[in-house]
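Peer 1: Residue numbers (my numbering), protein chains in the order written: chain H, 1 to 352; chain C, 1 to 352; chain U, 1 to 352; chain A, 1 to 352.
Simulated from the structure, these hints should not be mistaken for lab results. Heads up, some of the hints might be wrong.
To be verified - Some, not all, of what chain U presents toward chain A, calculated at C-beta under 7 angstroms:
(1) D101
(2) R222
(3) L225
(4) L228
(5) L233
(6) A236
(7) E280
(8) G281
(9) A329
(10) T330
As the structure is a computational prediction, the values presented were derived from the model and not from experiment. A virtual CB, placed ideally from N, CA and C, is assigned to each residue, including glycine.
One letter stands for each residue in the lines below.
Number of protein chains: 4
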Amino acid sequence: MGDPVYYHDYLHLDELLSTQQPLTDAHDELLFIVVHQAYELWFRQVIHELEAVHAILSGDVVPESAMLRLVGHLDRVGSIQIIMLAQLATLETMTPLDFMDFRDSLVPASGFQSVQWRVIENLLGIPVDTRLPIDGKRYTSRLADDHAAAVGASERRPSIFDLVEAWLERTPFLEAPGFAFWDAYRRAVDDLAADELRLIEANTNLTDDARASQIARAEANRARLAALFDDGLYAAEQQAGNVRMSRRAFLAAVMINLYRDEPIVQVPFQMLTALVDLDEGFTTWRYGHALMARRMIGGRIGTGGTSGAEYLTEAASRYRVWGDLLDMATYLVPRHAIPPLPDGLRDKMGFA
Amino acid sequence: MGDPVYYHDYLHLDELLSTQQPLTDAHDELLFIVVHQAYELWFRQVIHELEAVHAILSGDVVPESAMLRLVGHLDRVGSIQIIMLAQLATLETMTPLDFMDFRDSLVPASGFQSVQWRVIENLLGIPVDTRLPIDGKRYTSRLADDHAAAVGASERRPSIFDLVEAWLERTPFLEAPGFAFWDAYRRAVDDLAADELRLIEANTNLTDDARASQIARAEANRARLAALFDDGLYAAEQQAGNVRMSRRAFLAAVMINLYRDEPIVQVPFQMLTALVDLDEGFTTWRYGHALMARRMIGGRIGTGGTSGAEYLTEAASRYRVWGDLLDMATYLVPRHAIPPLPDGLRDKMGFA
Amino acid sequence: MGDPVYYHDYLHLDELLSTQQPLTDAHDELLFIVVHQAYELWFRQVIHELEAVHAILSGDVVPESAMLRLVGHLDRVGSIQIIMLAQLATLETMTPLDFMDFRDSLVPASGFQSVQWRVIENLLGIPVDTRLPIDGKRYTSRLADDHAAAVGASERRPSIFDLVEAWLERTPFLEAPGFAFWDAYRRAVDDLAADELRLIEANTNLTDDARASQIARAEANRARLAALFDDGLYAAEQQAGNVRMSRRAFLAAVMINLYRDEPIVQVPFQMLTALVDLDEGFTTWRYGHALMARRMIGGRIGTGGTSGAEYLTEAASRYRVWGDLLDMATYLVPRHAIPPLPDGLRDKMGFA
Amino acid sequence: MGDPVYYHDYLHLDELLSTQQPLTDAHDELLFIVVHQAYELWFRQVIHELEAVHAILSGDVVPESAMLRLVGHLDRVGSIQIIMLAQLATLETMTPLDFMDFRDSLVPASGFQSVQWRVIENLLGIPVDTRLPIDGKRYTSRLADDHAAAVGASERRPSIFDLVEAWLERTPFLEAPGFAFWDAYRRAVDDLAADELRLIEANTNLTDDARASQIARAEANRARLAALFDDGLYAAEQQAGNVRMSRRAFLAAVMINLYRDEPIVQVPFQMLTALVDLDEGFTTWRYGHALMARRMIGGRIGTGGTSGAEYLTEAASRYRVWGDLLDMATYLVPRHAIPPLPDGLRDKMGFA
């Protein structure tokens, strides 16, 4: 046992509590600082958790005994997202008029300059080519050089998206069921697509235009389902931005969703669910952030000189990592239509 | 005192608890029913609160002694919105695969058929001409005749938007400050617009395109500010959909925001704030609902036969009542630039 | 496909929305009714989920493939608890003065008369002998005969506590590690208890009284740990109300906590965690309920004629099912001190 | 305009993000540090808001134009309490086993050593004589000398409780209604107390013991009500710890509650409500904290050497500032029984 530890020193409170240095004497500037600092503290923790996930997934083999921990790390980030939302609500107790008391002093500082947030986005796997420009330039353009470099480096590492995709591709059970299985699944999926079309035809309530647009949509779904079984079609869907994961990874994700009750995929299923949950949580936060910004600055240019609220709204609808999993429902079939697993395979998916 | 009251009878639990009648034996269908019934119960309460607000505002004069209650009704709806969000999260504990177990049996029923929800939207004042079509037809097209009639009737009453607008127009203090006041305000606002332009010019970081787009935006803001003082320009802004309230009501809202600390407008200011809060709360819920729907049905057609998740996302970004108040920040000036109230007026805004 | 389903009919909204029948014309009575009805709807769903858990655990063997679902049912109840808390906050938007407007009309109805809530408590396994009396009598004394009978029947079924205890007792790995394992664990636990005593001795800051009381407490912990390995001592601890589960079940719970990363216990560990979470969630709700009641009725007698807020506070601190698991920390040892699993056993805890 | 401001520098992120210095390499120690640091950041903000309230109330006259701001400060603390609760939930994603990995390194540091938290409690007005001892000594005994001095100083300033009490005592309307008013109120209150006794007598369901205990309770209420009108009796109630505020302040609080719709007391009523809300929020957090601690350390001694969870539970039920307002319901009468305000007074409570 070392020296006795004192709470105040352990947390470095003298330093921590001297980092709030308002530039004005507006009462609410402290709130502005504290909220942003609290976000940065939590971003640090989010990175810590995501790095742990990254490390687990980076091995050649992901040991089954690490899966519970992996899901725990993701769920913890989900729990932090609730804090993030609550902090938005607290920031909104500041009125636009109160913000005006110190807003000018901040120019051109901007939340877009949060290095940790950009690192989180890259660690999760926001595709670089979907990045919105800032000031008409690369999204890192307003960062100091070393910060831009750090964000750039985070782009070049494999993201959690990449690692999960690779992990899915390695799923051993993918070949196992053999041609017969995928054949049965494909028939079930085709039936479903046909049902959907019948449903539209039978809907006498529709105007011609509405019917045409729904049919187009159902056909697009059918095409996407067909692509699951054809490299060329699938590549075209990827090209069109309709799907991101590799075909092999996608098939594995479908299997995990359909057979999630088999012991060996119970926790992996939780992992896939947690990934969509995180995506949804960050999207919700981005929408909330955009609403808050619109309220705080209205139609004005943001302190960072960008178009403020509009930028944030656009980012909220665009910055998504797990659209493939969010759309999983398109690929599922009702339980009665799920092909049974061959006995040998089912055993392999259970305990010793 | 009447007969002794028994909890079970008072709440009509025999009836209440016999209204859950699943069509399948899928475990999760009960959740689906209970969530939707809980929403309808809360919608009923929301209508009750909004009707109370409506009644208070419908008189020729809104007594000051009713303002606290009015704000209380609005805040209660805000509290119900938190329940509404929590219910979404509970509904999301149902996976898409579980939904598939009973989804087909519901066709073509749809949440779009909630009469109470439509009435709430109309009571708040969602403009009828922004309504998205369903099946290519009027948004009530899938309702039974009497239900469509009830929703139609709710369209034709004055909405809370209309009543608040009329209340603002009657603000007695509007003429009071006289030409001098608005002149001073206008100069302050012009200075601000000019600052914004200077800020853009000074931003050497911008590409030419980004600068041009920001200047266009700042000019649009300036035009909107100028319109505040000119009937013709203001009408054009209304025509363009940039502003909804009458010019007179808008000026009153600006005054309330600037002078919110004067006793007579403290609670009215809370009312305006609560109205934006509600708008934001419903928008947040709509975004959450859209995300949930996408997850639950993916790219498929919704049970109601509409394009499901897309429709909901579009509605979330479009169905807004208080955009004018949300944009209020555009019209505010920093405290040091707020013209002082003439003494006589200030006294009138205080207590006896 | 049957007849087309209409949202309004599917949810039986005509019936549902006609069950709110206030006895007064106080504005807030509707809120009071709606909140309580919403609680009853959610209680119904909670019972539905708990019954599913009950059914899974009632078999002679709980199939591993059911564990994910089981945890899902429990987590859903956890999600409903968040709604329950949000509903409390909404009820608190009613002020005591508003409550007074209709409170007298409700006498002697009382939330204590919620049959579903009592059934939930019994299903979870609140011990009957800890029940607080109402009016000095059995806790069902104010219920109608058939309702009291229904609650009584729920007491006599095995509770989820009983079923989980039995499931733990059947854990196959319990004997497996043999004497050597428990011996090692016991040494680790003893070391920890000794450390705790040393810590107290070393604390020069303590007054004599404080030291004596801490030592007494540490000795009590040590006695409880020793009891884990001795039937007689353990029975005495049970007798004293310090522990509830059987010794065998307790040992299994300890093992699951220590070896939770082994694949076969990952989901069982989540189940134990979810059970404590539920317990904590209901306790939190009870505390919130008690605070709300005190605020609403102050020191007065509750509508039900009981001592109101005090009863609820006492129930909050007393009605607990999983105190054993809540106290699990007392029985854990640091990771470095956890005895390694014999190889044969570790294999058996993995996948085929 | 000064130098351009950079987000990273403005928030002092280099310093802020270098204050997380775990003593071990346990993964979860960072979470432990970040949660506690986030609490300290928010405590700083809470103090900032409470100091603003303190300053407003410290003047000889509290200007009406400051009331909206005062309520805003309190509501913001309420909003921060939601963050505080969310942070507890995040901390609970750490399991006891994970805590054990670094817990020993922290000894004897303890959350009881948070200076800011103690200052908040004193600023609010937790009575010093209700403080639980730590290690059998004064609650500041484990603090460094300068920290203990700072906490001690915060005890000796007038608390917000003291200032609100003084403000209530100065209420000008208290004498105004004259003897007639209080007489009418007193009769209404007496009727209510008599009703309560009748209710108990009429309750045939009660056992004799239960009836006797309820009657004792109703008599205690009646005595408290009588004390409102008698200095000697009131002093005795204060002595017995049943009431804390001065009699004059209490009467003013009763009036504000009864006549809250009169314009001049609408915002003061919101202030009193916000004060109870805060009290309830901190109590809820304390209960949550106690539950979390019990789960994390079970029956063991806390790192700080105190009895841990038990101490926290006791503090949660004891550390209350506004018990008087929480019990306000005892002193209210139904609306129909509220004596009407004399016309002259009513006018004085309205606007000019």
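Peer 1: Could you run down the list of hints and mark each one as holding or not?
Peer 2: For each hint, the structure was consulted:
1. D101: holds (6 angstroms)
2. R222: Because about 10 angstroms separates R222(U) from the closest Cβ in chain A, which is outside the 7 angstroms limit, the hint is violated.
3. L225: With a minimum Cβ separation of about 10 angstroms from chain A (threshold 7 angstroms), the hint on L225(U) is violated.
4. L228: Given a least distance of 13 angstroms, the restraint on L228(U) is violated.
5. L233: L233(U) check fails; min Cβ-Cβ to chain A is 16 angstroms, beyond 7 angstroms.
6. A236: It is violated, given that the least Cβ distance between A236(U) and chain A is near 16 angstroms, above 7 angstroms.
7. E280: holds (5 angstroms)
8. G281: violated (10 angstroms)
9. A329: holds (3 angstroms)
10. T330: Holds - the Cβ of T330(U) comes within 7 angstroms of chain A, reaching about 3 angstroms at its closest.
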